[in-house]
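Asker: Here is what each chain is made of, one letter per residue.
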Amino acid sequence: MPLVIEPGRSAAHYWRDLWRYRELLSFLAWRDIAVRYKQTAIGVLWAVIRPALTLLVFVAFRRMAGLRQSEVPDVILVLAAVLPWQFFASALSEASSSLIGNTSLISKVYFPRLIIPLSAVVTAFVDFAITLVMLAALMAWYSVEPGARLLALPFFIAQCAVLALGLGLLLAALTVRYRDFRYVVPFSIQMGLFVSPVAFETSQVPERWRALYVLNPLVGIIDGFRWSLLDGRASIDPAVVAGSIVVTLASLAAGVWYFRRTERGFADAI
Amino acid sequence: MVAVEKLGKCYHLRRTEGARYVTLRDAMAGAAAASVRWLNPGRTAKEATEEFWALRDVSFKVTQGQVVGIIGRNGAGKSTLLKILSRITEPTVGRATLNGRVASLLEVGTGFHPELSGRENIYLNGAILGMTRAEIRRQFEAIVAFAGVEQFLETPVKHYSSGMYVRLAFAVAAHLEPEVLIVDEVLAVGDLEFQQKSLGKMHEVSRSGRTVLFVSHNMAAVNALTTRTLLLDQGEVRFDGRTAEAIGCYSQLAVQARSQGISGRGGHTAIRNVTVVDAAGSPVVQYAPGAPLRLSIVVETDGSPRLSIEAFLLDSMNQKLAMASLHQFEGLTLPEQAGRFRLTIEVQPGWLASGSYSIDVTTSVVNSSWDHYVDHAATIEVIASNPGGHSWDFKHEYGYGAFAMPCVGRPEFALVGDDE
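Chains A and B, in that order, give the protein sequences.
Here the numbering used here is used: the first residue of the first sequence is 1, the next is one more, and so on.
Here the numbering used here is used: the first residue of the second sequence is 1001, the next is one more, and so on.
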């Protein structure tokens, strides 16, 4: 089949091309992981140290703030939230800066540009998978047994990835055009940590703020993680989950739409 | 088969120089200005962008198995054409149809990562160029043998010599097996021996029935590889036919472009013509570093006092490298008599690296303002630069600067004690 190049034509066969270039996706993700661990002295340990330190800080915070102790050990309660949070945060920040970090590829080779932020999310997922092992070990140590609800966990993991991808696509495309977002993204992520139920639980948020609070799609994801992992010891509000899913899908739609709309100008703008 | 019909690419250039990207503040300021204009249509602000057609109305057909050269000066639209055909950027108008698998090689070693080993980079680069894992595996031995890096496969490429790096990068690209291959200036890398080897490989590729579009500044390579060549000039196809004729046309065009008049004028003066000339006064395109650079400038003046002429040497990135000034450096001014004069100046620009340069010429009111500023009034090409007399060509594009600093006198060593 002949390849036709025309103004506005790049849309044709885009998704088919994306599938054809799936090997490149795995190569790029693999490159980022390999390079990261080759450049650092303790390599893969970093994937564990970062959440471990965040965990310590928040457990200490809970003690100092005198937050109500639940029947679940603080360590598990907080880690069940730190994991999705860190996955989201690193996937989002890496996806956002992925395009300007791969300038030479974009200006010299054709492939569906969506692969670049996508591979950033895949890379973050690998780190996340490592920390899941750490969580499993700690749960065994504290003998917190997950029940059948564990089957719902992959769903919340997928939702977290989709949310990070959607926002990441939007921010990556915006960063190409407005470099301001290089500063906006890290700052927003930092703020996001405080408005997400990582150190505390959604039930501890005052009732009158609740309606506003659940607009943060991470609330549904983090609550979902706790609900799936802590078998009956964490509650969940179906309305929160539903709202979170809606926001996630809207982010993905907005991200893909804006990315696709601006993509053809990347090589000229970057 | 490749068919290109009326292809054009328009860029909107921002007047402000410097940053290539806009900031949010600019966008918001622009939006605010636009809304003000909308509210008050009488006062229209001047548009901050101007149109620039990098490529205009380009049409040609290449049949399967044909090897076609594309030549033209810097900025003639060659790279834009290749980028459109490689789908890196979209055309503004027109269409192109390509049959078969297309691979483009606009740079050797795209995506190479210094921390990864040679083996890892072969796979990564292959994938980036569009090869599947299975294809790379099949070609792996051939790639390694061609590059001659057998012993260093597990070494990170950051420890490679630049020659090895380039050989490996070219080797991966050379083993692509597309039906249509688009190549930009990749033979210009590596040592002479490797260039010969690459040229040989290109020969092999072109004989294997593949369609090749080949851009190069190296006329010898174009001549050796192709029988048909397109000459691009200012975004348009100026010639399409036999390679030898195209190369002849190219040299002619370069001289012609310089001898054409200049339009516009300043308040007191008008620069009419700027030519780089040799000792006999005939126009030249090439300049041999080390020799004096002669400029012949035809200028009209109204006879006002305190008028001067300045000339600037710019590199291909439009960076000003050096200045010559009639008044500030030589203490002279234009004749205080209305009329048209030919000014011949001879300057010593130092030992230039090889590359393309342009010369801006302007008349000025001394210590006050430019009068008639002419961008790119003339251009020169330095074909080879080797201040040391060795075979190494000091190219501007290497990024080591535009001028060589040859030593004055012989460098001396003296044995000193540890305390110094």
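Be aware that a few hints might be false.
[What the hints assert, rightly or not] For the chain B half of the interface with chain A, some residues (derived, Cβ under 7 Å), not all of them:
1. Glu1090
2. Gly1111
3. Gln1151
4. Leu1153
5. Pro1283
6. Gln1286
7. Lys1395
To be clear, the hints were calculated from the coordinates, so they are not data collected in a lab.
Glycine included, each C-beta is placed from N, C-alpha and C at the ideal position.
Asker: Now look at each hint and say whether the structure bears it out.
Answerer: Okay, the hints, checked on the actual structure:
Annotation: Glu1090(B) was flagged as interfacial toward chain A, and the flag holds, the nearest CB pair being 5 Å apart, inside 7 Å. Against a cut-off of 7 Å between C-beta atoms, the interface hint on Gly1111(B) holds, since the closest Cβ of chain A lies about 5 Å away. Checking Gln1151(B) against chain A: minimum C-beta separation of about 20 Å lies over 7 Å; hint violated. Interface restraint check for Leu1153(B): the shortest CB-CB distance to chain A comes to about 15 Å, outside 7 Å, so the restraint is violated.
Because the beta carbon of Pro1283(B) sits about 36 Å from the nearest beta carbon in chain A, more than 7 Å, this interface hint is broken. Because the smallest distance between the Cβ of Gln1286(B) and any Cβ of chain A comes to about 30 Å, over 7 Å, the interface hint for this residue is violated. The criterion of a C-beta within 7 Å of any C-beta in chain A is not met by Lys1395(B), whose closest approach is roughly 20 Å, and the hint is violated.
Consistency note: the structure conflicts with the earlier hints numbered 3, 4, 5, 6 and 7.
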